[in-house]
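Chemist: Chains as they are written, first to last, in the working numbering: chain A, 275 to 765; chain B, 14 to 108; chain C, 871 to 1351.
Think of the hints as simulated: they come from the structure by calculation, not from any bench. Among the hints, a few may not be true.
With a straight-line cut-off of 30 Å between C-alpha atoms, the simulated DSBU-like cross-links for lysine-lysine are [what the hints assert, rightly or not]:
1. A:367 x C:951
2. C:1261 x C:1335
3. B:18 x C:951
4. A:687 x B:18
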Amino acid sequence: MQGDDRSIAELARALRERSTSSRELVAASLARIERFDGALNAFITVTPEQALAAADAADARLARGEGGPLTGVPIAHKDIFCTRGIATTCASKMLANFISPYDATVVERLAAAGLVCVGKTNMDEFAMGSSNETSFFGPVRNPWDLERSPGGSSGGSAAAVAAGLVPAATGTDTGGSIRQPAALSGITGFKPSYGRVSRYGMIAFASSLDQAGILARSAEDAALLVEAMAGFDPRDSTSADLPVPHYVAELGRPLAGRRIGVPPEFFDAGLDAGCAARLREALDVLRQLGAEIVDVSLPHLGLSVPTYYIVAPAEASSNLARFDGVRFGHRSTAASSLEEMYKRSRQEGFGAEVRRRIMTGTYVLSTGYYDAYYLQAQKARKLIAEDLRRAFDRVDVIAGPTTPTPAFRLGEKTDDPVQMYLNDIYTIAVNLAGVPGISVPCGFVDGLPVGLQLIGPAFGEAAVLNVAHQYQCATDWHRRRPADPPAGVKR
Amino acid sequence: MALSKEDVRHIAQLARLALSEEEEADYAAKLSRILGLVDQLRQVDTQGVVPMAHPLDMAQRLRPDVVTEEDCRDLCQQNAPRAEGGLYLVPRVID
Amino acid sequence: MSGGWEPVIGLEIHAQLATRSKIFSGAATAYGAAPNTQACLVDLGYPGVLPVLNAEAVRLAVRFGLAIGASIASRSVFARKNYFYPDLPKGYQISQYELPVVQGGSLRIELDDGSSRTVRLTRAHLEEDAGKSLHENFQGLSGIDLNRAGTPLLEIVSEPDMRSAKEAAAYMRRIHQLVRWIGICDGNMQEGSFRCDANVSVRPAGSTQLGTRTEIKNLNSFRFLERAILFEIDRQVGVLEDGGRIVQETRLYDPERDQTRSMRSKEEANDYRYFPDPDLLPLEISEALVAEVRATLPELPDARAQRLVAEAGLGAGEAALLTASRELADYFEAVLAAVGPGQARLAATWVNGELAAALNRDSLGIEAARVDAQALAGLLARIADQTISGKIAKEVFEAMWAGEGSADQIIDRKGLRQITDSSALEQVIDQVIAANPGQVAEYRAGKDKLFGFFVGQVMKLTAGKGNPAQVNELLRRKLAS
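Model the full assembly from the supplied sequences, consistent with the hints where possible.
Modeler: Here is the structure:
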């Protein structure tokens, strides 16, 4: 049972031409999940009945000629998006039995565009992690090497797409959680600008950094999907009321004359030599396509990680206070007083990394520390964002590595949180500034995929997707597939 | 920046987490490590820099004063650990 | 209270804003709904939901700011106040911290002794209300109702400018009057729409340092506020005079014992970890919006009272009573319009007198008055044109209040017209003089006090309908001779 190699555009065309049906596609997806997810653990919940019913409904619309550009295509949602009537767990014991009473805007919009959801993908607990090892439901394995991490926090979505279980999946990116797993899993991962996609129904980790995006096998596929989910949502005060350009239409623009900036700060000591080599090769390709490669400095880049690890935990510590065992979620049975109920429910419901970040966040907001930490971090954030803004005065897009190394082994970095945090070094500034970023496969190091990151100015998704697509027209890294994992492994 | 066990206990209380003794020690160490990482920031000169609370340079949207939500109690209380008579029940709140 | 100590009092008032929907969600705010039927996903703090700000809440806050002469922040920020409590679904309250929507302002208060002073306000800010915990009926458990969660509140903070419990009560009354007057809050203390916390400290008279203060929470009547503050001042003075120190703490007033008591520590030192709420953007209020709201501001109570003094020739005290609420002032001016400016004082006396007494007796608000402005004006007209005396008018009023008809109908039906015919009155007077020779002799001998007796007798014989002025004049004449 081969994985389907067709792009989403090709699948959609085949569906409209009726050379395939949604039921066929969805059934094939479910079959691959059934067969291979035991080895990967990319899914927390699979919804075969709902998916097949939705597929049939899609087929009916297609038969009436009412299909749109995405009708009938299978998709999976990261388990951070609320899905009505279906468990939404955030990969946490705290929400292990939580059935959401509503759909996230992203889920609504993609369903309205005709996509068929086959299940909810695994992730780092509450999106806190870069390796998908903090999930209550066990780690996800990288389809390229089952002993390695696929990255995180959208590790399940990345693995599911990389292994051809679904053609695309939604993800969220707060410090790199779409781009980094895309890079480590050899696929394309796109994070639009902050405010481009509604956060309503997307369980909050760090509210001023979180953004929904897509993991898929190409920039073109990502463009199609982001177009369908982007746009103003009155239920999200941080949603930008700006028209959504027709990204797909702008993909074909040639790169001649494009200025691509490369910050020397990206080529620091932490960057693996192999990754650096693949990156330089990718820049050569861009040059050959007519782009001008320019040095552009981001002097405050080094402040990204400390800034992020103040702002994100601070916001998270507050966002996760609602998980108190009162109205939903885990409530400890071992509690006799209100205080006990709070403490035990949260202690039992949250995993170690989540608790650690809540503690860090609580600390940096506490009396006496707010100015030195949180306020200072907001100022550093401004410096970082200004660096990027100034850079985009001179270049159209910035290029660099997505991660310092290829996929690391499961368990390799879990002892020292700081080691794990340093993984995010190239991706974090993008979230701090709220600008769009994509990671596309650009080669291999020791048989493991490596990603090229492209960053654009605020609401400059079109430029990012265009450069990424042009690169993918000239290369075929994004078409490489890992071997199927062993079949029938029990979860 | 080293955290003492008292510091950890205080933060755990604010965050309503019931840490065990070993965890307290572990957290003191790990948090100190994390704070060591972020401490670099304190050295940075940010004189005159306006803090950035938000990537968007936008003002808050105002919503018209209209009732748009209906009673969703039954649906929501399906998720409640304990509810009776329409109320969410918790161990006694003492003032 | 011992001499030598000066109380220093500031009040924090939480006024529920009269919007239809919640401050950050579209759920209804109506009072009295079944538990948790007006708490939507946003109010419940469900995972993934987000707040969106209610335009009307902003307008009402601006209206208040303008009414107290405060400045309206062109840019204000919402902040999260983080703490755990079962009636606080998100584990934080969305409030405003460093940059509130209203800054400064002041209010003049008047005391019973006629003195007045200005109380400055520090600020007023928007925030969301929490839900409620119910403790009865559940064994060892509390029931949480989140209907109230998310209701918009305006927290109104005064400077610690008050120096006595009476001043504090006067200030609380003024704010209560004002928020109702400008239509931003219904002021219903029983339903919890208007709640007051008092910060109380004492210091040696003449000192400029502030003493340690305690906070007395949730005072929901003017009387309780005054009593609680009085007790607290005494308590603090007692502690200090005994050489003790005041503990900064939160206290509750127990009306049954007329005491304040310490609340069981809700938290040791509450560290609220305020930070700007990242789910909300800064609130920008344009000059155009301020102007728009300013145009909706009604004539404020003081200005209206002054106008009544200037235009209707009323005394300051009467005018103040008549402007206790806008509805009452409207009622009065409707009476005035119908009966004519010449009867302003009569109208004022009646509205503040008989009408007020009747409303009070039947526990009615002015909107439910059983004699409307037009009807009252009709009655006053009959006094003005001497058809009936003031005393008889009271009888007529009671009948009108009981629903027996208009003034004219009642006067006719009961035959209450005043007797103004001099010859008829003279006849009655002659009768009285003839019937009381002893008293007449005594009066003529110099016992002036007996005049009242004769008036009484005449009134008895005329069933109270003799025109008092005429009776007086005629009696004097006849007794003199």
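Chemist: Take the hints in turn and mark each one as holding or not.
Modeler: Quick rundown of the hints versus the structure:
| no. | hint | result |
| --- | --- | --- |
| 1 | A:367 x C:951 | holds, 27 Å |
| 2 | C:1261 x C:1335 | holds, 9 Å |
| 3 | B:18 x C:951 | holds, 26 Å |
| 4 | A:687 x B:18 | holds, 25 Å |
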